[in-house]
Each structure stands twice: as C-alpha cells, then as structure tokens.
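*Asks:* Sequence:
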Amino acid sequence: MCARSQIVFLLLACNFCALVYAQDPSCCHHAAEFPQCREACDQLAKIRSDSHLRFLYQRLSSYCSESMTELWICINSTLPGASRKSYGWVGLGCCELAISAECRRECKQASSKNDITKICKKDTEKPLYSCITKNEMGSVCCSYAEKQTNCREYCQAIFRTDSSPTSSQISAVKQYCQGTSPQLIGCVANYTKSYPTRSPIDSLYCCDRAEEAHCQTACKRILRTMTTEHEIMEGLINECGSQPLPQDPLWQCFLGSAHPPAKSDPETAPTAKMDCAKLHCCSKANTSLCRKMCQEISTNWGTQTWQEFDQLCEYNPVETDLITCLADVREPCQLGCKDLTYCTNFNNRPTELFRSCNVQSDQGAMNDIKLWSNGTIRMPVMNIPVLDIRKCQPEMWKAVACALQIKPCYSKSRGSVICKSDCVDILTHCGDFTRFPEGQTPERICDLLSPTDDPERCIPLHRYLTPSPFDNIIEEVIHPCNPNPCPSNHLCEVNRKGCHAGQDCLPYFCVPGCKLGEASEFLVHMEARIQVPVRSGQAGCYEVCTCGQSGRLENCVEMPCIDTTQTCVSGEQRKIHGESFKKDCDSCSCYAGETICSSRKCPSLEHSDDDRHLFRGLPCGCPDHFVPVCARNGRTYPSACVARCVGFQDNQFGYGSCRSSEPCSPNPCQKNQRCIPKRRVCLTDMTDYPCLQYECVNRPSGCDPNQLDPACDTDNLEHANLCLLYQRGKTLAYMGHCQDACRVRQEVCGHNGETYSTVCEAFSDRVAVDYHGVCHAMGAVSEFMTDSGCNAVPCPPLSTQGCNPVTPPGACCPICAGMLQILWNKKQMNTFAKLNRNQPITVHNILRILRLHISVPQCDIFGYLSIDSEIVILIVPVDQQPTPLQIEACSKEAEKIDSLINSGSPTLVSHVPLSAFLMSELKLSTVSSAAPPSASSLSLLLLCLLLSILILPFTGRTP
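According to mature numbering (1 follows the signal peptide of the UniProt record, and there is no 0), the residues represented by the sequence shown are -22 to -1, 1 to 937, in order.
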C-alpha cells in the first residue's frame, strides 16, 4: 500500500470510536435461581466504568456456570468481544450522525437499537440507522477474524465509514484474511457486492468546503476527470497543498459521509475522535507489545485487545507507569470516602485518596468475598487456591477485597497494590498448598502481584482492619464533588463564589465539558485548551485543541514534534527524555536532549567557613538589601542585582515595585475604550509576547446580572460581576465579596514581594500574605542560608499549635500549607502563546486551571513566580483556625497534584499551559500533635477570618 493510501486508511480507521458498553439488564432473569450469579449479573448491568465492566466480566464465569446457555447467549449479544454474534451496542459509534440533539443524546444512553426507536425515527435519521446497520454487519463479519489482529483491523475499516469500501481496503482484507478466515472473506464479499458503487462526482459538494478558491476549482476538475482513489488523492494533495488531515473541512467531508447532509448543520457531521486521554498514556509503555496494545484500545472500539492487554500488561512490573496512567484516566484519585455499607472501615476518611469509593465497588467487594469462599481466587494471570476464608483471617480477606475494589491511592505509585508483607502473610496462613501449582510459593506469587512494601507505593491492610479514627468528626473537611452529583457530560466544580440572594445555594457547580474523544470518560472544561496526541500515536507529536460549545474538541492545530529519543548528559550518566534528576542543589529535567534546570543557589563545598557564613541564598550572591525593581515580565525583584542575575538588561526594568506604577497613565487606549489595569506576571518571552499590564475594553452596553463572580469596588460596594462594576463606572478594588474589615487600608506584603492595600486585594490576586506592613525585606530562595534580611520582620504566629510549617522561597515567614516548586519549559510556554493568538501565558493562567483540581473547599490555591524562576504553588487551609485534619487535607491536595505532575498524568498535564510542567518538588506541613490551636494575634485571626469569608462560602463551618 503506498504512503498516501496508508495515511488515508489510518484516517478512515480512526473515524469512529465508541463509549462504554452496557449489558442488557433483562438478561439477568435467566439467573433467577442462582443468587450469586444474579447479583453479579445485576451489577454488570449497572456499571458505566469501562475498567469495572472489564474486570467483572472476566470474573463472571466464576459466578455463572457455562451451562447457563440462555444467560450467556443474552450477555454475549450485548457485551463487546464476547461472541461472534455481536460486539455490543454497535450504534454507539454512530450516535454523532444523529441529526437531532435529542436523538443523539438518547442514542448515547441506549443499550440496544430498540431503546432509540421512539426518539430516533427511521425516516428522519437515515444516516444514523444506515451506520448502525453497517456496524451490525461488520460485527458479524469481523468476528470471524479470531485473534488475527491485522485481519480484524482491515475488516473493521470496511464498515467504519459511510463511504463505499475502496478497492485498496477490499484488497487489504483479502491479503490479510485469505489464509486464516475464508468465512470472513465471504461475509465481506456479500456486503461489498450489495453496496452501491460510488462515483467520484458524488463528492463534488465536498469541494465547496475548501478554504481557497483555487482549491475548490481544482477539486471539482479532479473529481470529474480522475477515477481511481490514488489519482484523486494525489491530485488533491498537489493542487490544494495540504495533507489529508481530519480537522480540515475538505478532507473531513471526503473521509466522512458519502452523501451531502440534508441541511447545513455543523453539529450533524463531526468526525468522532478516539480516547485521547488513554492514548496520552501509551507513550509510557516500556515494551513495544504493551505500547501497541495500548494504542489499539485507545483508538479502536469493539476490540478484544483489552482482554490480552490485561493478561499481558496489567500485572507486568515493568509497566507500572503505563497502568497507573490509565488508572488516572479511568478513575482519578479523589479525597474522601463515605456511605459504604459493606466496606465500612473505609468510611469517614476525609484526607485519604481513593479511586473508586462508590456503591458499585462496595457491592463488588462483597461479591468477591462470596466468590473467594469457593476456594479459588481467580486473577487474569493465575488462579490462587485458598482455604476457607470464612474461617481463616476473614477480616483480612475483607480488607483485601475492599482495598482492591475501593482502590486507595498512595503518593508515588497511586497504584492499587497490596503491600507484599501482607500478601505473603495472608497466603502463608490461608493458601491451600495442596493445590498450589508446582514450584509456586506465597513469596513467588506476591512477587508478581504485590512486589513492594514501600508505604508510599502499596496499600497497608492494617489501616483498614479497624474503623476510621474520624468517625465522630463532622464536616471539618467536606467533598462536594465526591461522589459526583453532576450529569455525565458535566464537570463538578467547588463553589467558591456564593449564590444570588434568594436562590438555592449548593456547594458545587455543574459546568459543561468535553470528552477527550468520543470513547473517553475523561472530561475537560468548556473553552479549555487541551494538548492531545496525534491520531497515529507517534511519540512526541501532539496537537492543541479547544473544548468547543458543541461539547467536542475542535480547532485542533498540530504542534512541532519533539524528539523523545534524544538523551541528556549529566556527569558520566545519560538521562532519557522526561527523566528528572539533581545537579548539585538544582532540580533538572531532560527534555528532547536539552537539560533544563532550576537556578537555585547553594554554597560550594570549596567555600571556606567565612565564605559560607556570608552566603545569603540569593542569585549571583546579591546582597539582601530590598530596593525593588519592576521587570518587563510584570514581576517585582528585590534588587537590580537580582533582576540582572536572572537575565534582564538594565533597559528591561525600572526602580519601584510593579504595583506602584500606574499602567493606565497616560491612557494607552482609544477614545471609545476604557483602560483597565490588568497586572500579571508573564512566563513567555516579552519581546514576542509583550506582557502588557493593562487591557483596553469597550464600554459595556449590556451585562448579564445572573452571572455571579462577585467584585468589590473602591467604595466598598459589591457588584454581581466585573462587567456590571465597569458598566456603573466604578473602579475595582478586589474580586470577591466586599469585606467590612477591608474598608480601611491595612497594608500587607505578599509572597511575590508586592505590597497590597488590604489582605482582600492580595487574596484577589491569588497571592498569600507573608507579613503585615509594606514590603521591606525579601527572604532567601536557598535552604542553605545562614543569615537573612528578614531578621527584623515580625512574623505572625502560626494558626495551629504543633504545625511544622514550610517557608516559601523568597518569603520571610513560615506558613502551614502544602507547597510545590515547579520546574517548567519556557520554549513550550512560547509555543502555546503563539497558538493562542500571541497572548502571553501568565501565572494567573496556571493558578486558574490548578484551582479546579482542588476538591476540598477548606483549602485554596495561591502562587507566584519565585525570583529564581520556579513556579511556587501554595495550597493553604482557609478556615479561621484550621484544624490538624484541614492542614492534612491541604497537604494531600498538594501531594495529589505533585504526583500528577511528576508522572505526566494526562488528567493534569494535558491542559495547556500545564503541559509545559517538567517536574515538581513537594514540601508539606504536618501537625505533630492534636493539641488545640495556639492563641493567635488579633491580626492573624482577622486574616484567617477574611480568607474564609472571602473565598470559602461552603466550608460547613461558621466563620
């Protein structure tokens, strides 16, 4: 097959994806006389998670005898890959062809064709029903392929589009299937003979979708004069000067429907995408086999590859990164667990992370115990014979079943693996050695299933043998979005804005989102910019898409590919792409052959004691005098020496802090516009992407009074949103509800070295407070300092007695918080800025996205660019007197984000510009005792009170 035809075939093969299949609940009546089988069948019918569905389906034969023919025939007709009769609800990949939104929605929720007939009428939804009919024929024909993967792939391509099969596709089926599946050849031949022959001129209407007039003309000439697929493809590529990309309207039309739509409706003819979230993970595979199989399950619906994948990769110790990444996509780790009726020892754990704390997992654990009571634990890789677990350590077995179903997450691996010592102990006492396979021992079995005892990488069962110690603690830490209260196509977001007077006020919002591909369960926010792998899955090649109002990823633009094969040299060692390491006291990461490091300062071992005593921990050995300058990136540096050291020329900064300047004087805007100060710190190149500190806006003619994003003006009057404030000719003081305590100017110094008029103004800028008063000192950024310019700064006392705090880089005072120091790639930031209409990337852009990942209202996120150019993130408890549990919750939120960054999880780093994150270092506050909070100064209590009122309307506590 020629190169161009391969491209076309690949695009055709990726044309449709499917959602999670659902088993028909009517099947379960066939198991009425077998309680265990009936329970398992009923659970199977309720599951919507593909991982749960797969694992329970694998275990179903242990619950339900193979002699229950009627049950299995029914189930096999509704589950993917179960028999040759069907690959499941074959209409799922066709749902996007439905013309009406109601039909499209009903189709996605259906489990069979019968479920959609009332809403989707055959006479008005012909493209949908035509697609379903072809998929039904395809599922029958391609089922004859057995395990001949190439044969099955080429067979499925025949049925995946509404176009007539091309000669090259038919030839490929004959080539790959002739010797292995003559039944398939005959089935496909019957289909292709009955399919109407398509003439090139049938696609003339597609030419009108070309953007260039000369391409439209050439397209029509080519279709009228050329006959073969090869000639047409070559002609279009040469004349129109573009490769056949699915996002191009011209090629999307050719690769999609063979007939023009009945009406011009851009929502009726999208090209369905694959599961881009899972495809992100495939590059983490360490073996070519698992990488290929991962790409198959990420791009190909109705495939049986997932069964082979589970057997060959799920328990492969070298594929931990891949399996953990896929688990993050399917079931992200979330804080909190409650309301379980069987796994009750897992309840009331508000500061622990779990993947699957829900009713289905609770029921699944109970079913597992019933199954294991028969004497065998069936795993994808082996069967483990055991004694009667009802008598041999029953509580331990219950903890095992619940842990494997509820899936606690731990800081490093986030995998659901029982600790090795627990595994060996329980099998030593309860394994049935008389039935063990020859040569197997508890130690050997556990080497495969539970290879570690690292408390940060495995689940210690002793934790779940007793109830939670927090059973009697109510709403110190709440989880509004766990379990998820929103519809399946919406994301749950913590409500930090409050509500309009007189309206029902919930602690969360449900906001519409987009799936990362039609077969994906992972959602991103509307208007979000997302980095996804290209369709081929080629390592290092991505495109950036936008989550559009249609609920789909759109406007995709390819980025330059990066060479992931290049290595970096560190001393005598070579580092692979993506590997993080230390160089002296600096954190470094290898990115496509380039070593990117932080610029921390530490005393050299060669320094004398006197030299080390003079070490101030500032860049370039600068003195710790505070004479601030404002650089062109919008960041205030403590001195000209520091600004020069980090790379600014003398003409790129001016004396004085950035907030002391007035960006709208003189007015840079046109007469009919208003100049609004928009202070920001930019992470991109200032020459190509100027970091303007103002915004020119047209005077609003109308505002939406129902949009709630409170803003307070300089007269201490509150407005429902910023638009209304500007419409009324007011000046913004800070975002958030107006606070009486902020009427009077009480200056504070933020961690970014800026002086704010009030604490409210600092919090509105997403900057936490270092100390009270005007900024006059800057702390060191090195942990090796022996002296500090902060010696004369009176720090407020810590809010919680026994707190072991952290001191942010450049700050004077410690704080109880979880802290991340993030190393990032400026070249990638510049690329993202270029794709975003040359708009600079700012620290606020980073904080706005990260804030969505903080699921506990008792914690909020603040951050700044440190003077040594790291992004510092603080996750801070916001109650007026944070309890040890709340401090722990904020530390867990920080731990969660840190692990997602360092593992490159698509749940976080697929978001632009977070994709530019290279690595993170974590420092956590802990509480050494459960003693009551220390007596704090009035000013500190006021600060905490303001914080809780300003940004925390839903803590479940009274400020």
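Hints were generated in silico from the structure; no laboratory data involved. Cβ atoms here follow ideal geometry from the backbone N, Cα and C, with glycine treated the same way. Be aware that one or more of the hints could be misleading.
Claimed, not checked - Label-pair restraints from in silico Cβ distances:
{"#": "1", "residue 1": "E286", "residue 2": "C483", "range": "44 to 54 Å"}
{"#": "2", "residue 1": "H478", "residue 2": "D93", "range": "52 to 62 Å"}
{"#": "3", "residue 1": "C488", "residue 2": "R356", "range": "46 to 56 Å"}
{"#": "4", "residue 1": "S639", "residue 2": "E550", "range": "31 to 41 Å"}
{"#": "5", "residue 1": "D432", "residue 2": "H503", "range": "30 to 40 Å"}
{"#": "6", "residue 1": "T265", "residue 2": "D564", "range": "47 to 57 Å"}
{"#": "7", "residue 1": "H503", "residue 2": "C647", "range": "44 to 54 Å"}
{"#": "8", "residue 1": "S514", "residue 2": "H478", "range": "46 to 56 Å"}
*Asks:* When the structure is checked against the list of hints, which entries are broken? Sort them ascending.
*Replies:* Checked against the structure, the hints that fail are numbers 2, 3, 4, 6 and 7, while the rest are satisfied.
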